[in-house]
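K.L.:
Going down the list, the protein sequences come from chains A and B. Just so you know, the first sequence maps onto residues 1 to 420 in the numbering used here. Just so you know, the second sequence maps onto residues 1001 to 1420 in the numbering used here.
Just so you know, the hints here were simulated from the structure itself, not pulled from any lab data. Take the hints with a grain of salt, since some may be wrong.
Cβ-Cβ distance ranges computed for the label pairs, FRET-style [claimed, not checked]:
no. : chain 1 : residue 1 : chain 2 : residue 2 : range
1   : A       : A326      : B       : E1259     : 37 to 43 angstroms
2   : A       : A19       : B       : T1329     : 54 to 60 angstroms
3   : A       : Q332      : B       : R1300     : 50 to 56 angstroms
4   : A       : D177      : B       : L1330     : 33 to 39 angstroms
5   : A       : Y355      : B       : G1322     : 29 to 35 angstroms
6   : B       : A1062     : A       : R239      : 37 to 43 angstroms
A quick note: this is a predicted structure, and the numbers were derived from the prediction, not measured. Where a beta carbon is used, it is the ideal one built from N, C-alpha and C, also for glycine.
There are 2 protein chains.
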Amino acid sequence: MQSRGAYRTASGLPHVDRARLQTALLTLGEIGRNPETGGVNRTAFSAADMEARRWFITQLEAAGLEVRIDPIANIIATLPGTDPDRSPLVIGSHLDSVPEGGRFDGALGLMIALELVHAFRDLNISLAHPLEVVSFSDEEGGLLGSRGWIGTITEADLARSYSGRTLRQVLQDLGLDPARTSQAQRAPGEIAAYLEVHIEQGRVLERENLQIGVIEGIVALDEYEITVTGVANHAGTTRMADRQDPMAAAARMITLVREEVYRLGGNLVATVGKMEVEPGAPNIIPSVVRFTVDIRDPSRLVLEQALRDLHDHFDSIAREEGVQVAWRTLAQIPPAPADPAVMQAILDAVAWYGYPHRVMPSGAGHDAQSIAAIAPMGMIFAPSVGGLSHTPAEFTRFEDAAASANVLLQTLLLLDERLP
Amino acid sequence: MQSRGAYRTASGLPHVDRARLQTALLTLGEIGRNPETGGVNRTAFSAADMEARRWFITQLEAAGLEVRIDPIANIIATLPGTDPDRSPLVIGSHLDSVPEGGRFDGALGLMIALELVHAFRDLNISLAHPLEVVSFSDEEGGLLGSRGWIGTITEADLARSYSGRTLRQVLQDLGLDPARTSQAQRAPGEIAAYLEVHIEQGRVLERENLQIGVIEGIVALDEYEITVTGVANHAGTTRMADRQDPMAAAARMITLVREEVYRLGGNLVATVGKMEVEPGAPNIIPSVVRFTVDIRDPSRLVLEQALRDLHDHFDSIAREEGVQVAWRTLAQIPPAPADPAVMQAILDAVAWYGYPHRVMPSGAGHDAQSIAAIAPMGMIFAPSVGGLSHTPAEFTRFEDAAASANVLLQTLLLLDERLP
């Protein structure tokens, strides 16, 4: 598949302008920044997000791109290709942040996309394929913009509140027709490839002293609510042996979740992040304990093995404790494997630069996982210092950011040649 | 100490009028009763509690007693003794209930007290000691009335809200002076003995097929809030080995609480009834988990041994999990042992009737535990069907209620003779 060596300039392998990339990241990072905490507050369609959108559009237009807003409010900028018959190569990410988030989540992918447009011009490179830069709407709230591209926007999405306005109102205020969001959809085959650089949000790269993560896929993610029902009783007059205590049962189940994850090993992770207790008084044995299990693995098969084991173990514990256990599904997101040809192009590009790297799954969800349903997808991770994200302390070294930009640049050149 | 045999009538051991007792219990049980659920709603100083107070005062006066309201709103009715120099024997309990509670908690002790006044008259018995019947204010909310007798009412008590009125206002509305609650205090030695019949609220008597519980004391009760602090992180991108997860630590601690209780055995019980998780999202490893531990034993020494062990074990778990653990004391209530002479009188009385019985601690708090600080105290438990209390299903068989009334009657006669 490797049809030629790396693209080289007179002075060797091309490099993006690290200073320009850094300036762009820091400039965007000021929009919506809380001066007291340093946290970035650009939740989707907030005033700060709208300001970031306007700023980004200005930057794209200044770089010579044609910009349009699609029916789900994604910002799409196009650099025409030399061959009018080719499908576009698409690179993107998102401008929106979580409350009190950082300057790199989403922003990194878009500032690199912008930098590449500048770099292509500086290097006098023209792609045969059109290049699309896309900023997806509301990634943090549930991959809204990329779901628009695959046609899974629902009435519930349109009714959702964004700081008091429904999405319907938000779209209308942007001059868009909320009845026509389905027209944001991109047909399968319409996109040659989708690529996204993102911060890792974990410590794998840092611990192993690596600069680049080549993503093999985005994990399958299941989320369940487990309800354990026992019998409420007096904490003082009920002997231990007479109790049907859902808290005692839940504690054993939660401990078991981790044991099962370690037993199966690999990339499997599971988390209990939420618990509710009824009636929830210190002096009453609870009647009901509800907790969530978030469980993820690149392989749906591994996930299902883990879930079968957990079901069996929870049933045993429930029998032993004299309580009932019930599972409710909150989410079941299939795995989104990276496209092998796209992944190979990324690996080739990394190899030429010699960046220390590894192949790894993405434990977090990204817009790329939507797009994988309609186009060949690949992702590149840059290391997160301390594994931190969704916090003002979120940071990625600018040399690592530039490395991932260089890899994306070479990958695009490779795919421009390799893909029809 | 046993100065004479049982008091007997011409027809043998005296018995209270079970039908009259049953009628009184059922009549009181209608006040504040929710017709849909059957639950009794007589929270302290509510309209229903006030109606129950008025009804009870009428009943006491009809039985020939002199009734007064003390400065903390306790209802005190006196049957004069034949010896004007004696201190009173006091019997009592409470009219107030929890929301959607039952017809027996508190009510049983007072309806038996009322029945005994009738029974003494019917049997032509006069006591040398004055007999006081006391209905304590707001038992369920924190032993308010009995704490008035031992002088531990605080400004916080006076500021507490009772369905929108402060206790201060409640007392004023009753024609009492909230500045003079300290005058409710009874001096140590002023009361010859305090006796209370109460429902067990547990299943010990039922499981062993017993009719009478002779209380050796009310347990020591400690309540703590345990705060486990870890590091919030992404549920998808944080490898299991990189986590400092306070939920995983808390689950192990909660499991360990029960193991420790079983290890020490005896009457020790412990309960985790409440948990709070921050930030509490399914897809975020929590930063903080807070849970309560309610731990009780008749012996303060046993309780302290358990707490020392739990401290050590929690510290070990925290070290292993890379989290911090902190204890906050919510309550530390000392044990209230029954008076040996009073307990002996109850045991003598039970023996004469031949009721199957056992000596046991009270795992629940009662007004008797306040009074133990200033007077010899004894308690008699009647069995709770299914161990249930604080629910509309709360029930005590009327034959068991009558048995405990007969025991109290004999006990009063014995103590009238034995105590100066």
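K.L.:
Could you tell me whether the CB distance from A:A326 to B:E1259 stays inside 37 to 43 angstroms?
P.N.:
violated (26 angstroms)
K.L.:
Between A:Q332 and B:R1300, does the C-beta distance stay in 50 to 56 angstroms?
P.N.:
Distance hint for A:Q332, B:R1300 holds at roughly 52 angstroms.
K.L.:
Quick check on a hinted range of 54 to 60 angstroms for A:A19 and B:T1329, using CB atoms only.
P.N.:
Between A:A19 and B:T1329, where Cβ atoms are some 57 angstroms apart, the hint holds.
K.L.:
Taking the beta carbons of A:Y355 and B:G1322, is their distance inside 29 to 35 angstroms?
P.N.:
holds (31 angstroms)
K.L.:
Just tell me: holds or violated, for the beta carbon distance of A:D177 and B:L1330 against 33 to 39 angstroms?
P.N.:
Distance hint for A:D177, B:L1330 is violated at roughly 57 angstroms.
K.L.:
Is the distance from the Cβ of B:A1062 to the Cβ of A:R239 consistent with 37 to 43 angstroms?
P.N.:
holds (41 angstroms)
Checked against the numbered hints given earlier, this structure breaks hints 1 and 4; the rest are met.
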